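Trainee: Build the full structure now, drawing on both the sequences and the hints.
When you read off a place in the sequence shown, starting at 1, and then add 227, the result is the number in the numbering used here.
Be a bit skeptical, because a hint or two may be false.
Claimed, not checked - Pairs of lysine-lysine, DSSO-like flavour, derived with a Cα cap of 27 Å: (1) 462 to 502; (2) 387 to 317; (3) 502 to 512; (4) 512 to 500; (5) 317 to 502; (6) 512 to 283; (7) 462 to 317; (8) 502 to 282; (9) 317 to 500; (10) 283 to 317; (11) 462 to 500; (12) 500 to 283; (13) 500 to 282; (14) 502 to 283; (15) 512 to 282.
As the list claims (entries may be wrong) - Ranges of calculated distance between the beta carbons of each label pair, as one might list FRET restraints: (16) 547 to 285: 15 to 23 Å; (17) 531 to 324: 20 to 28 Å; (18) 486 to 517: 14 to 22 Å; (19) 352 to 423: 13 to 21 Å; (20) 542 to 376: 48 to 56 Å; (21) 262 to 308: 44 to 52 Å; (22) 549 to 517: 29 to 37 Å; (23) 513 to 355: 32 to 40 Å; (24) 370 to 499: 20 to 28 Å; (25) 370 to 517: 31 to 39 Å.
Simulated from the structure, these hints should not be mistaken for laboratory data.
Nothing here was measured: the structure is a model prediction, and the numbers come from that model.
The beta carbon of each residue, even a glycine, is placed where N, CA and C say it ideally should be.
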Amino acid sequence: MQTQTSQNEAVHLPQTLEPRNPGMELDLDWVIRATANRSAIERRAATLPGRRSVKKDYQAAWLCRAITCIDLTTLAGDDTVGRVARLCAKARQPVRADLLNALGMDGLKVGAVCVYHDMVESAVDALAGTGIPVAAVSTGFPAGLSPFHLRVAEIEESVKAGAAEIDIVISRRHVLTGNWQALYDEMRAFRAACGEAHVKAILATGELGTLQNVARASLVCMMAGADFIKTSTGKESVNATLPVSLVMIRAIRDYFEETGYRVGYKPAGGISKAKDALVYLALMKEELGDRWVQNDLFRFGASSLLGDIERQLEHHVTGAYSASWRHAAG
Numbered sequence: 228m229q230t231q232t233s234q235n236e237a238v239h240l241p242q243t244l245e246p247r248n249p250g251m252e253l254d255l256d257w258v259i260r261a262t263a264n265r266s267a268i269e270r271r272a273a274t275l276p277g278r279r280s281v282k283k284d285y286q287a288a289w290l291c292r293a294i295t296c297i298d299l300t301t302l303a304g305d306d307t308v309g310r311v312a313r314l315c316a317k318a319r320q321p322v323r324a325d326l327l328n329a330l331g332m333d334g335l336k337v338g339a340v341c342v343y344h345d346m347v348e349s350a351v352d353a354l355a356g357t358g359i360p361v362a363a364v365s366t367g368f369p370a371g372l373s374p375f376h377l378r379v380a381e382i383e384e385s386v387k388a389g390a391a392e393i394d395i396v397i398s399r400r401h402v403l404t405g406n407w408q409a410l411y412d413e414m415r416a417f418r419a420a421c422g423e424a425h426v427k428a429i430l431a432t433g434e435l436g437t438l439q440n441v442a443r444a445s446l447v448c449m450m451a452g453a454d455f456i457k458t459s460t461g462k463e464s465v466n467a468t469l470p471v472s473l474v475m476i477r478a479i480r481d482y483f484e485e486t487g488y489r490v491g492y493k494p495a496g497g498i499s500k501a502k503d504a505l506v507y508l509a510l511m512k513e514e515l516g517d518r519w520v521q522n523d524l525f526r527f528g529a530s531s532l533l534g535d536i537e538r539q540l541e542h543h544v545t546g547a548y549s550a551s552w553r554h555a556a557g
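Mentor: Here is the structure:
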């Protein structure tokens, strides 16, 4: 992996790199054929952390790539304009300037900043001229149980406020009851409301019951035009896991082979260590190839991951670890 490539790709918006997934008619036969062999999936996932490791300069390059794929996130009830401004400053300068200079990675930026609707305008203002998009969580996040017309209106308001990406939550009940037509129609409506903004469909996989449900929900959301499929809101008791990720990215691969359109993937919730980021990047590379380890097709939903990556990069440059509190996100 070339570190300079990571630097350059970070400034592009997703829609400039890849034809957008237009969706397709709901193919219920394909959806019902989708299955998941839990034991095989768990065996495959268990091999990754111990079997795939990179060291020294290669590790630093992969960690820089991981930074470009982070949706730097604050989704707290006590968010303020000041907190969002600090987060955006960190997005613009995710790692200390002297470290980036030593790594030859001046200008490195994160993939996006993700906030609630009320903070979209503040984030857009703080990121003006940087090329870093603002993502808004929407549709009654995290439960997705507000009235449907309000969920659609929330998307429209966030787009109007300047959000270039919208992270929507699906109605889990449609998956749990096997009402695939309802899920498809809902996702189609959300995609239409987004207009030119890219839409990430949050499946809340920890609440879907089975890996088979995850596979089927992934396909339905892609058929309805999702630009990304995302594991979790970060608010569930179980968020991103390697078995769930394997199911979702294989659904992405099947969809690409069938339609020719690439859909992105975003694991979110519980990914806080640099070593975890490396495992997810290795999984993407092995299952989908190099094209899917770029930030128009892969993102981490994270609030604390960046701090640990910066700490590891400082160790790579200086040979010493600093205290974790020195690398706060905002």
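Trainee: Determine for every hint whether it applies to the structure shown.
Mentor: Verification of the supplied hints:
1. About 22 Å separates the Cα atoms of residue 462 and residue 502, which keeps this hinted pair within 27 Å; it holds.
2. Proximity of residue 387 to residue 317 is assessed by CA-CA distance (about 25 Å); at most 27 Å being required, the pair is judged to hold.
3. For a cut-off of 27 Å, the pair hint linking residue 502 to residue 512 stands: about 15 Å separates their Cα positions.
4. At most 27 Å may separate the alpha-carbon atoms for a hinted pair to count; residue 512 and residue 500 meet this at roughly 19 Å.
5. For the hint pairing residue 317 with residue 502, the CA-to-CA distance comes to about 21 Å; that is within 27 Å, so the pair holds.
6. Restraint check for residue 512 and residue 283: satisfied, since their Cα atoms lie roughly 19 Å apart, inside the 27 Å limit.
7. Of the pairs offered as hints, the one joining residue 462 and residue 317 holds, with about 23 Å between alpha carbons and a cut-off of 27 Å not exceeded.
8. In summary, the hint linking residue 502 to residue 282 is supported, as the alpha carbons are separated by about 11 Å, within the 27 Å threshold.
9. Taking the CA atoms of residue 317 and residue 500, the gap is about 18 Å. The hint holds against a cut of 27 Å.
10. A distance of roughly 25 Å separates the Cα atoms of residue 283 and residue 317; the hinted pair therefore holds under the 27 Å criterion.
11. Under the criterion of a C-alpha separation no larger than 27 Å, the hint pairing residue 462 with residue 500 is consistent with the structure, at around 18 Å.
12. Distance restraint check for residue 500 and residue 283: the Cα-Cα separation of roughly 17 Å lies within the 27 Å cut-off, and the hinted pair is therefore satisfied.
13. Distance restraint check for residue 500 and residue 282: the Cα-Cα separation of roughly 16 Å lies within the 27 Å cut-off, and the hinted pair is therefore satisfied.
14. Proximity of residue 502 to residue 283 is assessed by CA-CA distance (about 13 Å); at most 27 Å being required, the pair is judged to hold.
15. Proximity of residue 512 to residue 282 is assessed by CA-CA distance (about 17 Å); at most 27 Å being required, the pair is judged to hold.
16. Hint check: residue 547 to residue 285, Cβ distance near 21 Å, so the stated range 15 to 23 Å holds.
17. A beta carbon spacing of about 21 Å between residue 531 and residue 324 agrees with the range 20 to 28 Å that was offered as a hint.
18. In this structure the supplied range 14 to 22 Å holds for residue 486 paired with residue 517, their Cβ-Cβ distance being about 20 Å.
19. One distance hint, 13 to 21 Å for the beta-carbon pair residue 352 and residue 423, holds here, with the actual separation near 20 Å.
20. For residue 542 and residue 376, the hinted distance range of 48 to 56 Å is satisfied, since their beta carbons lie about 51 Å from each other.
21. Range check, residue 262 to residue 308: about 48 Å between beta-carbon atoms, so the 44 to 52 Å window is met.
22. At roughly 32 Å, the beta-carbon separation of residue 549 and residue 517 lies within the given 29 to 37 Å, and the hint holds.
23. Checking the proposed 32 to 40 Å range against residue 513 and residue 355 shows it holds: the Cβ atoms sit about 38 Å from each other.
24. For the pair residue 370 and residue 499, the beta carbons lie near 24 Å from each other, so the given range of 20 to 28 Å is met.
25. A hinted range of 31 to 39 Å for the beta carbons of residue 370 and residue 517 is consistent with their spacing of about 37 Å.
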